[in-house]
Amino acid sequence: MAVSDRLNPGAGYALMVVGALLLAVGSYIGLFVAPSESYMGDVYRILYVHVPTAWNALLAFTFAFGSAVAFLIRGDFKWDARHEAGAEMGVVLAGLLCCQGSIWAKPTWGVWWDWDPRLTTTAVMFFAFVGILALRRFVEDPVKRATWSAVATIIAYVDVPIVYFSVRWWNSLHQMQSSPETVSAPFLIPLRTNAFGILFLMAGLITLRTRLARMRLAQEMAPPLPEVAS
Amino acid sequence: MKQLAAALYKEWLLQSRALAQLLAVLVFGATALLLFSFAVGPNYELLRAIAPGFLWLALLLSSTLTLAESFQAEMEHRALEGQILLPANPAALYYAKALANWAQLTLLGIALVPLMVALYDAQLPRPLALAGIIALGTAGLSAPGTLYAAMTHQARSRQTLLPLLLFPLVVPVLIAAVKATSLLMLGDPMSQIGSWALLLITFDAIHWSLCGLLFGRVVED
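Residue numbers (the numbering used here), protein chains in the order written: chain A, 26 to 255; chain B, 154 to 374.
Hints listed in this document are in silico derivations from the structure and should not be mistaken for laboratory results.
From a predicted model like this one, the values you see are computed outputs, not experimental measurements.
Even glycine gets a Cβ: it sits at the ideal position worked out from N, Cα and C.
A hint or two may mislead.
Each pair of labels, with its calculated beta carbon distance range [said to hold, decoys possible]:
1. A:Cys124 <-> B:Leu351: 29 to 37 angstroms
2. A:Pro132 <-> B:Ala192: 26 to 34 angstroms
3. A:Met246 <-> B:Ala158: 38 to 46 angstroms
4. B:Glu373 <-> A:Ile214: 49 to 57 angstroms
Model the full structure from these sequences, guided by the hints.
Okay, structure coming up:
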């Protein structure tokens with residue numbers, strides 16, 4: 026009871042509304058106002074959601090990693106709740122990222138998937154965190170669940186740069202990492218608007234998911250109801 | 154150090170009394186190698202080209218058996234808990250277990266090589282270097298694998314969880330080991346083996362230190 030009182034869901038909903046509005050505005054500009062790209066035509070417009078999704082997915086995983094470290098140091102379960110919310114959000118965004126990327130890749134590159142370092146690293150990260158979420162489902166003891174998944178998150182996060190470099194070397198005949206192109210203003214506005222839109226949406230969802238996780242934890246750890254004295 | 158030696162001796166006793174387990178995993182790996190060849194058909198040129206990949210896949214699949222079994226004896230009569238209460242240093246316990254797993258997987262990998270040569274008609278110009286690559290690669294499998302085995306062993310449906318957690322993590326090991334092995338077997342005109350071995354060493358160093366640090370948290374409660 027106390028936890029749900031302290032964690033007002035209002036802030037989460039407010040963040041989500043702001044995020045949805047920004048995303049709608051950014052997508053409108055991206056779809057109807059921004060000019061077509063000279064090589065890709067209209068296909069490129071998916072990048073206005075794709076690129077912001079990528080940034081925010083990485084941000085969500087980083088948030089989960091930070092929360093995992095904080096939990097191991099502090100032992101406070103609010104960090105476990107944040108860890109769970111961040112990891113779930115990261116998995117959702119990484120899954121969306123792979124789908125959006127495939128939709129874009131088919132008309133552009135002619136294939137659904139390419140073994141490019143960034144793609145492959147995203148897929149590996151997605152599966153690593155899906156594994157961690159599965160681990161959380163299979164451990165009933167809250168203390169063990171929190172500690173083990175925090176340990177697994179730290180290892181998975183530290184692994185990401187090695188995965189990236191290994192795939193990059195493995196795939197060295199393919200395209201190297203493209204340098205960030207200079208993007209002109211009409212392209213930049215919807216990109217930034219959407220980036221903040223998804224950021225607010227993600228922050229709102231993480232807030233609400235953290236609240237839910239804390240309420241579940243409070244319920245799990247609550248002492249059994251006292252027996253009625255006769 | 155003294156604790157590590159004692160823990161290693163314990164692992165030696167455990168393993169030497171469970172040779173049947175080692176043999177069973179070896180047979181499993183051999184069966185996997187046999188089955189992979191049916192996926193390709195009797196095309197020796199193709200088989201020779203993908204033999205390194207099949208060798209490492211067989212090793213990866215077998216490793217989940219070895220790793221999942223490695224904490225079996227520790228859980229009977231809550232032996233691990235007893236050791237922690239002694240108090241034994243968790244890092245010593247971890248490194249002894251990981252070293253034992255590493256030794257087993259290296260032996261397994263080396264034992265699978267003759268079979269791979271026979272089944273896939275693979276060439277072995279530098280057998281000692283191949284043994285070195287197998288040792289480096291299996292070190293990368295056993296460090297995180299031992300930690301995850303300790304976790305998943307106490308969880309429900311551990312057979313599913315261990316590969317689910319371990320496989321995405323060891324992608325760099327798989328890539329580097331397969332690349333280095335195929336360069337060894339099919340020729341290395343650009344002498345790239347060194348950089349792949351370096352990647353394996355980096356992965357091994359990071360995971361052997363990180364997992365050793367975190368193991369205490371996994372078993373302490």
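Against the structure, the hints:
no.: 1; hint: A:Cys124 <-> B:Leu351: 29 to 37 angstroms; result: holds (35 angstroms)
no.: 2; hint: A:Pro132 <-> B:Ala192: 26 to 34 angstroms; result: holds (32 angstroms)
no.: 3; hint: A:Met246 <-> B:Ala158: 38 to 46 angstroms; result: holds (41 angstroms)
no.: 4; hint: B:Glu373 <-> A:Ile214: 49 to 57 angstroms; result: holds (52 angstroms)
Of the numbered hints listed earlier, not one is contradicted by the structure.
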